Amino acid sequence: MRLTRMATSMLEDAAEAEDVVQEAALRALRARTRFRSEADVCTWFQRICINSCREAARKRSSELQRLDAARREALWQAPGYSVDPEAIAVALEDGERLKKAIAALTPEQRLAVVLHDLQGWKAREIATDGGLPLATVKSHLRRGRQALVSLLAEAG
Amino acid sequence: MGGLTCAEARDLASDLLDGELSADLARRVHDHVANCPTCPSLYRALVAVHQELMKVQQADEAVWGGGVG
Numbered sequence: 001m002r003l004t005r006m007a008t009s010m011l012e013d014a015a016e017a018e019d020v021v022q023e024a025a026l027r028a029l030r031a032r033t034r035f036r037s038e039a040d041v042c043t044w045f046q047r048i049c050i051n052s053c054r055e056a057a058r059k060r061s062s063e064l065q066r067l068d069a070a071r072r073e074a075l076w077q078a079p080g081y082s083v084d085p086e087a088i089a090v091a092l093e094d095g096e097r098l099k100k101a102i103a104a105l106t107p108e109q110r111l112a113v114v115l116h117d118l119q120g121w122k123a124r125e126i127a128t129d130g131g132l133p134l135a136t137v138k139s140h141l142r143r144g145r146q147a148l149v150s151l152l153a154e155a156g
Numbered sequence: 157m158g159g160l161t162c163a164e165a166r167d168l169a170s171d172l173l174d175g176e177l178s179a180d181l182a183r184r185v186h187d188h189v190a191n192c193p194t195c196p197s198l199y200r201a202l203v204a205v206h207q208e209l210m211k212v213q214q215a216d217e218a219v220w221g222g223g224v225g
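Line by line, the protein sequences are chains A and B. Anchor point for the first sequence: position 49 equals 49 in the working numbering, and the numbering is continuous, going up by one each time. Convert by adding 156 to the 1-based position in the second sequence; the result is the number in the working numbering.
None of these hints come from the bench; they were simulated from the model. These numbers come from a predicted model, not from an experiment. Even for Gly, the Cβ is constructed at its ideal location relative to N, Cα and C. Don't take every hint at face value.
What the hints assert, rightly or not - To be clear about the criterion: a stretch of chain B counts as covered by chain A if any three or more of its residues have a C-beta under 8 Å from a C-beta of chain A, and this derived list gives those stretches:
{"#": "1", "stretch": "178-189"}
{"#": "2", "stretch": "196-210"}
Unchecked claim - No farther apart than 25 Å at their CA atoms in a straight line, the calculated lysine-lysine pairs in the DSS-like style are these:
{"#": "3", "chain 1": "B", "residue 1": "Lys211", "chain 2": "A", "residue 2": "Lys99"}
{"#": "4", "chain 1": "B", "residue 1": "Lys211", "chain 2": "A", "residue 2": "Lys59"}
{"#": "5", "chain 1": "B", "residue 1": "Lys211", "chain 2": "A", "residue 2": "Lys100"}
All chains should be built: construct the whole structure from the sequences, respecting the hints.
Structure below.
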């Protein structure tokens, strides 16, 4: 099921993703009287799943993960920082390494990267959906992409 | 207008990948990358990661179609 795949990308845990999608289905059932018939039911349910993933990821995110993210962000501010693009190209040949790198992002960065770069959402749609300023979403996307480069370089 | 710093060019590179920069800003990013000792490798790496994510997205759409479910 595509939603389970999306949830797995966001949470990097297939079992947790299945639980979250099931929980989202129960939420949708409970909230069905609030569903407006003019809306698309698939989009409505997808939104419930995304919100459930967002909550699950936030609960799970650790202080250590935030410190790592801050360290990587500082690297990209340093003029002397660089990586070996050949090593990145080799790392990208292994899909598992990209998955692991996505899993190591902060929940906010992961949500922006997964929805924008893997699901094809516009940054404006992510901002509206999450009730966030567009600039914040773009910042999460930018930092997320930079962090993926650093994580793939570090893993080499 | 002065040249971009490394941090500025690296941040703007993400918007450049999405085609969201004005022609002037895009040129300034390219100018910086062309003349910087460290940014070209970071830029190449960002492009490679972005292209890989796009490939995964396209493969996903090919298998599952555009809808949800």
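Against the structure, the hints come out as follows:
Evaluation of the coverage hint for the stretch 178-189 of chain B: breached, as 0 residues show C-beta separations to chain A shorter than 8 Å, against a requirement of three. Coverage of the stretch 196-210 of chain B by chain A holds. Counting CB-CB distances below 8 Å, 11 residues qualify, and the rule asks for three or more. Our distance criterion of 25 Å between C-alpha atoms is met by Lys211 (chain B) and Lys99 (chain A), whose separation comes to about 14 Å. Distance hint between Lys211 (chain B) and Lys59 (chain A) is unfulfilled; the C-alpha atoms sit about 30 Å from each other, more than 25 Å.
Under the criterion of a C-alpha separation no larger than 25 Å, the hint pairing Lys211 (chain B) with Lys100 (chain A) is consistent with the structure, at around 17 Å.
Hint compliance for this structure: hints 1, 4 are not met, and every other hint is.
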